[in-house]
Amino acid sequence: MNVIEVLGQLMNTTLVFSTALIFAALGGLLSERSGVVNIGLEGLMTAGAFAAAVGADYAARGGMSGIASAWVGLVTAMIFATVFALLHAVATITFKANQVVVGTVINFLALGFSLYMVKNLYEGAGETATVELFSKFQIPFLSDIPLIGEGLFTAYPTTYLCLILVFVVWYVLFKTPFGLRLRAVGEHPGSADTVGISVKKYRYIGVLLSGVFAGLGGATITLTTTSTFSHNTISGQGFIALAAVIFGKWHPLGAAGAAIFFGFAQSLRNFAQLFEFSQQIPQEFFYMLPYVLTLLVLAAAVGRSRAPGALGEPYDPGKR
Amino acid sequence: MESPEKQYNSALRKGIKIFTADSAIIPIVAIILGLICGAIVMIAGGYNPLVAYGSLFGKLFESPYDMGETIRAITPLIFTGLSVAFAFRTGLFNIGAEGQFVMGMLGATLVGVKLDLPMIIHAPLAAIAGAVFGGIWAGIVGYLKAKRGVNEVISSIMLNWIGLYFANYVVGAALSEKGQQKSEMIHESASWSMTWLSEMMEHARMHAGTIVALLCVAVFYILLWKTKQGYELRAVGLNPDAAHYAGMNVGRTVVKSMFIAGAFAGLGGAFEVLGVFGYQVISAASPGYGFDGIAVSLLGGNSPIGILLAAILFGGLTYGSAGMSFEADVPTEIVRIVIGSIIFFIASHGIVRAVIKPFSFRKGKGADGRKEAPRT
Chain A
782 MNVIEVLGQL MNTTLVFSTA LIFAALGGLL SERSGVVNIG LEGLMTAGAF AAAVGADYAA
842 RGGMSGIASA WVGLVTAMIF ATVFALLHAV ATITFKANQV VVGTVINFLA LGFSLYMVKN
902 LYEGAGETAT VELFSKFQIP FLSDIPLIGE GLFTAYPTTY LCLILVFVVW YVLFKTPFGL
962 RLRAVGEHPG SADTVGISVK KYRYIGVLLS GVFAGLGGAT ITLTTTSTFS HNTISGQGFI
1022 ALAAVIFGKW HPLGAAGAAI FFGFAQSLRN FAQLFEFSQQ IPQEFFYMLP YVLTLLVLAA
1082 AVGRSRAPGA LGEPYDPGKR
Chain B
3 MESPEKQYNS ALRKGIKIFT ADSAIIPIVA IILGLICGAI VMIAGGYNPL VAYGSLFGKL
63 FESPYDMGET IRAITPLIFT GLSVAFAFRT GLFNIGAEGQ FVMGMLGATL VGVKLDLPMI
123 IHAPLAAIAG AVFGGIWAGI VGYLKAKRGV NEVISSIMLN WIGLYFANYV VGAALSEKGQ
183 QKSEMIHESA SWSMTWLSEM MEHARMHAGT IVALLCVAVF YILLWKTKQG YELRAVGLNP
243 DAAHYAGMNV GRTVVKSMFI AGAFAGLGGA FEVLGVFGYQ VISAASPGYG FDGIAVSLLG
303 GNSPIGILLA AILFGGLTYG SAGMSFEADV PTEIVRIVIG SIIFFIASHG IVRAVIKPFS
363 FRKGKGADGR KEAPRT
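As given, the protein sequences belong to chains A and B, one line each in that order. Just so we're aligned, residue 782 is where the first sequence starts under the working numbering, counting upward by one. Just so we're aligned, residue 3 is where the second sequence starts under the working numbering, counting upward by one.
Just so you know, these hints were derived from the structure itself, not from any lab. The structure presented is a predicted model; accordingly, all values stated were derived computationally and were not measured. Note that the Cβ used here is the ideal one computed from N, Cα and C, for glycine as well. Heads up, a few of these hints could be off.
[As the list claims (entries may be wrong)] Some chain A residues close to chain B (C-beta under 7 Å, calculated; not the full set):
1. 882
2. 890
3. 1007
4. 1076
Can you build the whole structure from these sequences, using the hints too?
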């Protein structure tokens, strides 16, 4: 294998791993911009990954072709994860529960419920049936360019979707009245309320959107990488996405960049076996790498990024 | 005058006295609602909840062996529950008890396998090694929080994974024979097993770590409420700014609190090795006691006795779920749904209030006996 091929593949797997992280990070960002901490991102991704596997499997059994069933899986994941996001929203916004605790509960419940359903639907098995993956899509002409042709322009449809959504989220957040209101509610809910913006409504939208996006992220992992759902399909990606939000300074482009960086760390693991020198390094260290990098990056970055003003605070109209 | 909800919320924000409601009504109602949620999910899945719950609780008292094993399952939850609660009291959310637990296992295994000492030194030393390993692992989180402002939730989750892989590496590289998926057995002299009691309980894995767990409940109380240090810890938890102006070193208190919290979790891990298994396995996923510890601490209202009771409940539920899946064929995960729902209802106590309101007879009083805020 020559250097160009290796680099091309490294880019490609980086994009595959980053896609899920970008989706989830966008979700976390929308929720946090509206003022609600979403520790439950991990659980929402778990719910998405589970629903994608089940949705795609049942669609395939119903006679759909591989690609169509994968899209069904994607939509199922969005819906199912949003249901859990709704739980989060009801508890934290309507009942003003502690957001971190509720997020943890969502992680707990989503994993427990998904595994319970897997055992229920697949006669006691620990994982779902294997579903067909999305197939990679080559952009005409561009994919013929050496290096970046293989690296960037031969990818799963979810990757293109997520890159488009990064710009959509950026546009909506910073160029539309809706985005301004969402940010206002997260920055200073009292003022937003005074000018007639419903804090509750916008926070509900923010949290529910985080369910949609994190669901897409979880589904991406099932439908482009693992092809099944089991207890460790989602292993910390939700929290890494959350770190990407912080590292990206609560900005869509920044968060996407951070997510790509973490995706790169994950993809390095796959390449460890290719080289003479890296085979000397114990495998566990490559497993650790994404988590260690996340920790180091946070330690280096946090002082310089500023969270939305009202992040983590339930809105109480009567408060002075 | 602030409304009760608002007082609750401000307390919640500071992460302190989180669920120390004035009465035990909310936890009890939450437990009932959680069991009902579990039953609904079971019915939806086509199982009979009555048979399931029957076999769950039946399993706990089926034989002396099961009773002993239930105690064995409760013990680590006491430790991790104390760990999470201790950090909560200082306004920190220790979601990393899982990693500290694993590091505690590693510390105990290292000392248990590598050293050969007389029992009177070896066994305590192995347990202390576990506590120190767990404490250091949590101390990193506290340090990053105090010095760099890193959110302790994310850093401790990352450390959970790092700890798991690190322990796997050390066990694989230094503590096991080639190709084995577990470490060598610890020396007999490091063991905390109570053989005579195990024999009485049909070879249930009884160990003295349970007694240490009960002692730790007392230590938890004395540390927090009877010492100057504990006063500082709680003051920082209640209001870091006020504590700072009163001349307390907030950063150092945060590190100290995390270290002690980690030491509790590490002890829990140590006794799993020293009392239960005698070795440490190379595992793809961590054992889960740390995460259950969060549930224990929340249900127990971060109070020593509450934690003990909550650990008994969740340990019982977890051990009994094996019987449930055997007899009623219900997946054991249902217990996670029940535990998750219970914490959900405690966290959103507003929902619980709404549920119990029709049952409260005293006019103008909330169900927890306090005056409800006037609604206009």
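Outcome of the hint check:
1. 882: With Cβ-Cβ at 5 Å, under 7 Å, it holds.
2. 890: With Cβ-Cβ at 4 Å, under 7 Å, it holds.
3. 1007: violated (14 Å)
4. 1076: holds (5 Å)
When the structure is compared with the earlier hints, a violation turns up for hint 3 alone.
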